[in-house]
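Required output: the full structure, derived from the provided sequences and hints.
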Amino acid sequence: MPNDLQIADRAFSSRLIIGTGKYASLDLMVRAIEASQAEMVTVAVRRVNVQDRSEGSLLDHLEASHLAILPNTAGCYTATDAVRTAHLAREAGLSNWIKLEVIGDERTLYPDNEALLEATRVLVADGFVVLPYTNDDPVACRKLEDAGAAAVMPLGAPIGSGLGIQNPNNIRIIKEFASVPVIVDAGVGTASDAAVAMELGADAVLMNTAIAAATDPPAMARAMKLAVEAGRLAHLAGRIPRKAYATASSPLEGVVGR
Amino acid sequence: MHNAQRESGVEIRLNGDAYELPESLSVRVLLDRLEIDPRRVAVEVNLTVIKRGQYDTTIVREGDEVEIVNFVGGG
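These protein sequence lines are chains A and B, in that order.
Each residue of the first sequence is one higher than the one before, counting from 1 in my numbering.
Each residue of the second sequence is one higher than the one before, counting from 1 in my numbering.
I should point out that these hints are in silico values taken from the structure, not numbers from a laboratory.
Every value quoted in this text rests on a predicted model; they were computed, and no experiment measured them.
Idealized CB from N, CA, C, for every residue including glycine.
Among these hints, one or two may not hold up.
Unchecked claim - Some, not all, of what chain A presents toward chain B, calculated at C-beta under 8 Å: (1) V43; (2) V45; (3) R47; (4) G93; (5) I159.
Said to hold, decoys possible - Partial chain B-side listing against chain A, Cβ under 7 Å, derived: (6) N15; (7) E35; (8) R40; (9) V41; (10) A42; (11) F71.
To be verified - Computed footprint of chain B on chain A, listed as stretches where at least three residues anywhere in the stretch have a Cβ under 8 Å from a Cβ of chain B: (12) 21-27; (13) 70-76.
Put into structure tokens, the structure is as follows:
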């Protein structure tokens, strides 16, 4: 399908990728994923609780739905830790796709550009399909692409902030520069934010908190699905130029009484 | 190795905590003991990821640092 999202060797008909964190229950998560019609979901890699095995496996709940699983390196603050986590994720999930996060600051969770680039190089050489979570910086994105990233994932705003796209112009420029897919990752608060990202030309949007922490996650998931589709369609349709003054929509001739 | 003569079992670090085993044993047996489904996790011994095909042949010994991870909800 020409309208599919193509990342590396895989095609997706959905341009919405969602996270699996922060849901009040696994059942709610499953229903939200269904409502979103996402075809790829992110997961985190963490130590197994060896004392208490009652929690069960997240994969049991995800595998039935034939979703692509995209493990992340969330919580890693060095390239070494991120690379180590990626290798564990590959063995746990038997897939070489990784959402690469190397965080540089605890309060903003902004990426450490230098370490992110280094980890990207190492993982690409190790045969991974690397999707780095990055600043909304066109130069950083270009460097990641040059290093072999399969997509670039600029943030719209800090993770979990719900602030929406803070620098729309940068997202537009990143898309203009990039020859790999641009996935706006983080910062979305509500449906209009997702639509804006897509209208700016993003190839996809990745979000977690906006759905998982909404009052009604399945309803918000559906709103996000529709917003991503609407934004994509509007982008392809070509919006009108912005003008300072009015242009009448109705004919100027034949007005009664003139 | 210097602890090999100890009467009790072998002590390893498991996910960052001290953990006592009766004897050196394979990764497969360790996972069995912990009631962990091997298809759902990844195992690292002394910073090396152990491929699933090597669970029987990789032996966990005194002082080894073992990490067992799985997928949890995340963004």
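Going down the list of hints, with the structure as the test:
Look at A/V43: its Cβ gets to within about 4 Å of chain B, closer than 8 Å, so that hint holds up. Contact between A/V45 and chain B, as hinted, is supported at the beta carbon level, the nearest pair being about 5 Å apart and thus within 8 Å. Look at A/R47: its Cβ gets to within about 4 Å of chain B, closer than 8 Å, so that hint holds up. Satisfaction of the interface hint for A/G93 is found here, the shortest Cβ-Cβ separation to chain B being roughly 7 Å, below the 8 Å cut-off.
Proximity of A/I159 to chain B holds as hinted, the smallest CB-CB distance being about 7 Å (cut-off 8 Å). Hint status for B/N15 relative to chain A: holds, with the closest Cβ pair at about 4 Å, below 7 Å. About 5 Å separates the beta-carbon of B/E35 from the nearest beta-carbon of chain A, less than 7 Å, and the hint is met. For B/R40, the interface hint holds, the least distance from its beta-carbon to any beta-carbon of chain A being 5 Å, beneath 7 Å.
Because the beta carbon of B/V41 sits about 6 Å from the nearest beta carbon in chain A, less than 7 Å, this interface hint is met. The criterion of a C-beta within 7 Å of any C-beta in chain A is met by B/A42, whose closest approach is roughly 4 Å, and the hint holds. Proximity of B/F71 to chain A holds as hinted, the smallest CB-CB distance being about 4 Å (cut-off 7 Å). Counting residues of the region 21-27 of chain A whose CB lies closer than 8 Å to any CB of chain B gives 3, which reaches the minimum of 3, so the coverage claim holds.
Judged by the Cβ-Cβ criterion of 8 Å, the region 70-76 of chain A is covered by chain B as claimed, because 3 of its residues qualify and three suffice.
Taken one by one, the earlier hints all hold for this structure without exception.
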